[in-house]
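Model the full assembly from the supplied sequences, consistent with the hints where possible.
The residues making up each chain are set out below.
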Amino acid sequence: MYTRSRVAVLMGPPVLWLALLFLLPMAIMAVFTFRAGTFPPERDVFTFEHYREFLGNTPFQWLLWRSALVALATSVLSLIFAYPIAYFLAFRAGAMQMTLLTILIVPAWTSYLLRILAWKLILGANGLLSSFLLSIGLIEEGSRFLLYSPSAVVVTLVYVWIPFVTLPIFSALQRIDRSLLEAATDLGCAGWEAFLRITLPLSLPGVAAGFFFVFIPTLGEWVTPSLVGGVNGVMYGNLIQDQFVRALNWPLGSLMSLVMLVLVVIQIVLFSRIIRLSDLAGI
Amino acid sequence: MTDLAVELRNVTKVFVDRSSLGRDLTAVEQINLSVAAGEFFTLLGPSGCGKTTTLRMIAGFEAATRGEILIQGRAMTRVPPNRRPVNTVFQNYALFPHLTVAENVAFGLVVKRVPRAERKRRAEEALELVRLSGMGRRRPSQLSGGQQQRVALARALINQPAVLLLDEPLGALDLKLRKEMQFELKRLQRQVGITFIYVTHDQEEALIMSDRIAVMERGRVLQVGDPMAVYEWPSARFVADFVGETNFLSVVFVSFLNDLAVVDLCGVNAYAQIRGEPLTSGQPTTVTIRPEKVVLTKLNQDGHFKLAGTLEDIVYLGTDTRYVVRLTSGETLVARIQNTSERGLGGDYDIGERVNVSWSPKDARVLTS
Amino acid sequence: MGRRDLLSPGFFYFALLALLLYAPILLLIVFSFNDSRTLVFPLKGFTLQWYTELWGARELLEAVVNSLVLGVLASAVATILGTMAAIGIARFNFPGRNLFLAVSAMPMVIPYVVLGVALLILFAQLGIPLSLWTVGVGHVVINIPYVMLIVASRLAGFNPSLEEAAMDLGETYWGTLRRVTLPMCAPAILSAFLSSFTTSFDEFAVSFFLIGSESTLPIYLYSQLRFPSRLPLIVTLAAIIMVASMALVIFSEWLRRVGQTTTAAGEA
Numbered sequence: 001m002y003t004r005s006r007v008a009v010l011m012g013p014p015v016l017w018l019a020l021l022f023l024l025p026m027a028i029m030a031v032f033t034f035r036a037g038t039f040p041p042e043r044d045v046f047t048f049e050h051y052r053e054f055l056g057n058t059p060f061q062w063l064l065w066r067s068a069l070v071a072l073a074t075s076v077l078s079l080i081f082a083y084p085i086a087y088f089l090a091f092r093a094g095a096m097q098m099t100l101l102t103i104l105i106v107p108a109w110t111s112y113l114l115r116i117l118a119w120k121l122i123l124g125a126n127g128l129l130s131s132f133l134l135s136i137g138l139i140e141e142g143s144r145f146l147l148y149s150p151s152a153v154v155v156t157l158v159y160v161w162i163p164f165v166t167l168p169i170f171s172a173l174q175r176i177d178r179s180l181l182e183a184a185t186d187l188g189c190a191g192w193e194a195f196l197r198i199t200l201p202l203s204l205p206g207v208a209a210g211f212f213f214v215f216i217p218t219l220g221e222w223v224t225p226s227l228v229g230g231v232n233g234v235m236y237g238n239l240i241q242d243q244f245v246r247a248l249n250w251p252l253g254s255l256m257s258l259v260m261l262v263l264v265v266i267q268i269v270l271f272s273r274i275i276r277l278s279d280l281a282g283i
Numbered sequence: 001m002t003d004l005a006v007e008l009r010n011v012t013k014v015f016v017d018r019s020s021l022g023r024d025l026t027a028v029e030q031i032n033l034s035v036a037a038g039e040f041f042t043l044l045g046p047s048g049c050g051k052t053t054t055l056r057m058i059a060g061f062e063a064a065t066r067g068e069i070l071i072q073g074r075a076m077t078r079v080p081p082n083r084r085p086v087n088t089v090f091q092n093y094a095l096f097p098h099l100t101v102a103e104n105v106a107f108g109l110v111v112k113r114v115p116r117a118e119r120k121r122r123a124e125e126a127l128e129l130v131r132l133s134g135m136g137r138r139r140p141s142q143l144s145g146g147q148q149q150r151v152a153l154a155r156a157l158i159n160q161p162a163v164l165l166l167d168e169p170l171g172a173l174d175l176k177l178r179k180e181m182q183f184e185l186k187r188l189q190r191q192v193g194i195t196f197i198y199v200t201h202d203q204e205e206a207l208i209m210s211d212r213i214a215v216m217e218r219g220r221v222l223q224v225g226d227p228m229a230v231y232e233w234p235s236a237r238f239v240a241d242f243v244g245e246t247n248f249l250s251v252v253f254v255s256f257l258n259d260l261a262v263v264d265l266c267g268v269n270a271y272a273q274i275r276g277e278p279l280t281s282g283q284p285t286t287v288t289i290r291p292e293k294v295v296l297t298k299l300n301q302d303g304h305f306k307l308a309g310t311l312e313d314i315v316y317l318g319t320d321t322r323y324v325v326r327l328t329s330g331e332t333l334v335a336r337i338q339n340t341s342e343r344g345l346g347g348d349y350d351i352g353e354r355v356n357v358s359w360s361p362k363d364a365r366v367l368t369s
Numbered sequence: 001m002g003r004r005d006l007l008s009p010g011f012f013y014f015a016l017l018a019l020l021l022y023a024p025i026l027l028l029i030v031f032s033f034n035d036s037r038t039l040v041f042p043l044k045g046f047t048l049q050w051y052t053e054l055w056g057a058r059e060l061l062e063a064v065v066n067s068l069v070l071g072v073l074a075s076a077v078a079t080i081l082g083t084m085a086a087i088g089i090a091r092f093n094f095p096g097r098n099l100f101l102a103v104s105a106m107p108m109v110i111p112y113v114v115l116g117v118a119l120l121i122l123f124a125q126l127g128i129p130l131s132l133w134t135v136g137v138g139h140v141v142i143n144i145p146y147v148m149l150i151v152a153s154r155l156a157g158f159n160p161s162l163e164e165a166a167m168d169l170g171e172t173y174w175g176t177l178r179r180v181t182l183p184m185c186a187p188a189i190l191s192a193f194l195s196s197f198t199t200s201f202d203e204f205a206v207s208f209f210l211i212g213s214e215s216t217l218p219i220y221l222y223s224q225l226r227f228p229s230r231l232p233l234i235v236t237l238a239a240i241i242m243v244a245s246m247a248l249v250i251f252s253e254w255l256r257r258v259g260q261t262t263t264a265a266g267e268a
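Protein chains in written order, with my numbering: chain A, 1 to 283; chain B, 1 to 369; chain C, 1 to 268.
Hints listed in this document are in silico derivations from the structure and should not be mistaken for laboratory results.
Heads up, a few of these hints could be off.
Now the in silico label distances, taken between C-beta atoms and shown as ranges [stated by the list, open to error]:
hint: 1; chain 1: B; residue 1: 68; chain 2: A; residue 2: 191; range: 21 to 29 Å
hint: 2; chain 1: B; residue 1: 24; chain 2: C; residue 2: 99; range: 55 to 63 Å
hint: 3; chain 1: A; residue 1: 171; chain 2: C; residue 2: 36; range: 40 to 48 Å
hint: 4; chain 1: C; residue 1: 160; chain 2: B; residue 2: 352; range: 46 to 54 Å
hint: 5; chain 1: A; residue 1: 49; chain 2: C; residue 2: 9; range: 54 to 62 Å
hint: 6; chain 1: B; residue 1: 125; chain 2: A; residue 2: 191; range: 24 to 32 Å
Far from chain A, by Cβ distances over 10 Å, these chain C residues were calculated [claimed, not checked]:
hint: 7; residue: 48
hint: 8; residue: 51
hint: 9; residue: 52
hint: 10; residue: 62
hint: 11; residue: 106
hint: 12; residue: 202
Each residue gets a CB set at the ideal place from its N, CA and C atoms; glycine is no exception.
Shown next, in the form of structure tokens:
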């Protein structure tokens, strides 16, 4: 069935599209990091200036580091909140499994912006929660709960990510052969012990997948910080966006972007190594 | 009097149907079993007969709806599986994929918090017992089916349970390996001295390995006995039919002759063993005879009695030849004759030939249930 | 796995989380009928005013139309390209297959800001003005991996011998694709299309960098978040969009399941 012409016809257009409109832009962006400025004539001058600027400028790196922490917090919290749901769906929900899963996923697929909007309206100074508490006399005036801080960013992101993180964990838990758990019980394990020794280790590939699935995109997040982060919640992605929209320092923005890309690729490679190791373990 | 390793008293298991159809399934009904310590006891029956359910109830994975299960004299009704002195070898082995072979084997000891040095020593001993020394560091996925099976065995035996439960452990192995393992398991059981309760649908396997067999059908135990008793003296039609091949002949009882019965079969008087069941002259009944005990003779030869028939089919099976004879009554009789040069290596007869069949009186039995 | 198993602590945790997930949506729907310009308690009275006013909000409606057209076109292209790639990946083992898998999966995992920035630079270098078309290009790149995933997993689920049988009976390869493969994958392809559409309709992070003077709905919404007087309209629009996209997602999920459980004679 395999012929070169068939493969060429099928794979040609997608490969072409991705090469020209994904790989090529990345390459051009990488080259742009060496340009002196955004517009001609500076644009055609080549320099290492921006590299010096980025490497020497600790606020950039500190922001990158803090963004990593935010991403880490988001990933870990999402996993912690999602794991019990995945466990419940895999082990206790029985026939209702897929229905309940769909119920969980459906709101997660609706407009991200609108859900953030809704939460802003609820949590904001003139928002629902505030006016509700005001009307029942719990507070004196409109207050700014939770909004405009790094924690607000984390909370919002966790809220958005939980349903998505549930999926790989659920998938991994489902695949665990139930007779393994019976065997563990047969050999003397009480319920929780069987979970710790068998279920949890075997679900780790799903957990790892979930982790990276959240961590990597969150590193570059800028929309959520711009909506609920306020001044204190600015992340690395906001700074990149700023270079292109306001400061018009495209070379610097490209460099910052490139740095992020390289870090992400390293993580993806590491992740695929981990997964292959666990394959060896026979999972 | 030997201790009873396992006792089942009036055990019943009903699976309640939670759907609106409300069709409950009675998997096991009122069974009573006593397994002696050190016995190789087999539950034999077709799929759906309740043998696996019974095994799982002994293990504790299913709770009996009614009745009692005792292990070493202790009632197990409220004892969860992880605290019972039994271990199970699962049908699909259930080896933990994320642990090495040695870690799998030592698992039960880890749970009991046995110190590391002792664990290591006992794991090595267990692997030696099943002849897998040196495989400790491998992962289950790197082992063959037969090797995995032995790991599962070692993992269970290392805990020195009072009873070892085996759920069709040889089902996934190819024929030659299965035959080897049958003897291996039997040898192991004798060596270790632990009570084995074995579940299988393979009657030949049961006959080879067991000290005693319980034949089950549709949730009930039909007969319990040693292999010879179950094979030679089946107490029920199903047992006769399921364990090995049997001929069932419709006859009419004529009279007693010492400890034999005289029966009328196709107008000829034939003989069969009877164990004192009350029968009256003229009463229809059934006689069973195993194919290997049927004697086939040419028309002009002598026999104990002569039942006329026509050969319908001849199949050469290597060790013996299978003959199907149609009697004048219309019933068929299967005979198996060993292929020796004296018996003509199965080439002595032709399809369509008229032959006589008979048997030694003590080889046939009257079936009264 | 009976009733008692279901109503465990896990269930209550699930219910709580589900409630939290649906609460904002429900609140938006409730407030879309509220007779007040601000989003405060207590509710002031039932009105359909905002729904009727919505019809008159020209900019808003233009943005909606833009998003719809963009969504359909970009999803169509992504679905076509993604399906082609899925067939290639699922049925053929060609040199560079693994590399392609790795690269094509990347748009799914990398931060969108990087993608947006890179494409912006590309268009600037090539002198292409920013518009809905450039946004569309970005959306296609984002969606190809999702389409590939959905269609390839469906393809993997049924036996290639179905296609071989068709060719054995005289059909050409491309004819086989048309008459056997694609129809069998139809639910998955449709589901992938809908999934792409939903993603594209809601996409903001990349669109932001690539948009010209026109607006997509998310772009419009983002800019409106600063004008409180428009709030009720936005709430009402949000309610409509939420309900519509939930219906779409449910339909898409149903399609994907139908595709999976359809057991043809050649099901692996």
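We went through each hint and held it up to the structure:
no. : hint                      : result
1   : 68/B - 191/A: 21 to 29 Å  : 25 Å, holds
2   : 24/B - 99/C: 55 to 63 Å   : 58 Å, holds
3   : 171/A - 36/C: 40 to 48 Å  : 45 Å, holds
4   : 160/C - 352/B: 46 to 54 Å : 51 Å, holds
5   : 49/A - 9/C: 54 to 62 Å    : 59 Å, holds
6   : 125/B - 191/A: 24 to 32 Å : 30 Å, holds
7   : 48                        : 20 Å, holds
8   : 51                        : 17 Å, holds
9   : 52                        : 21 Å, holds
10  : 62                        : 18 Å, holds
11  : 106                       : 7 Å, violated
12  : 202                       : 4 Å, violated
Hint compliance for this structure: hints 11 and 12 are broken, all remaining hints hold.
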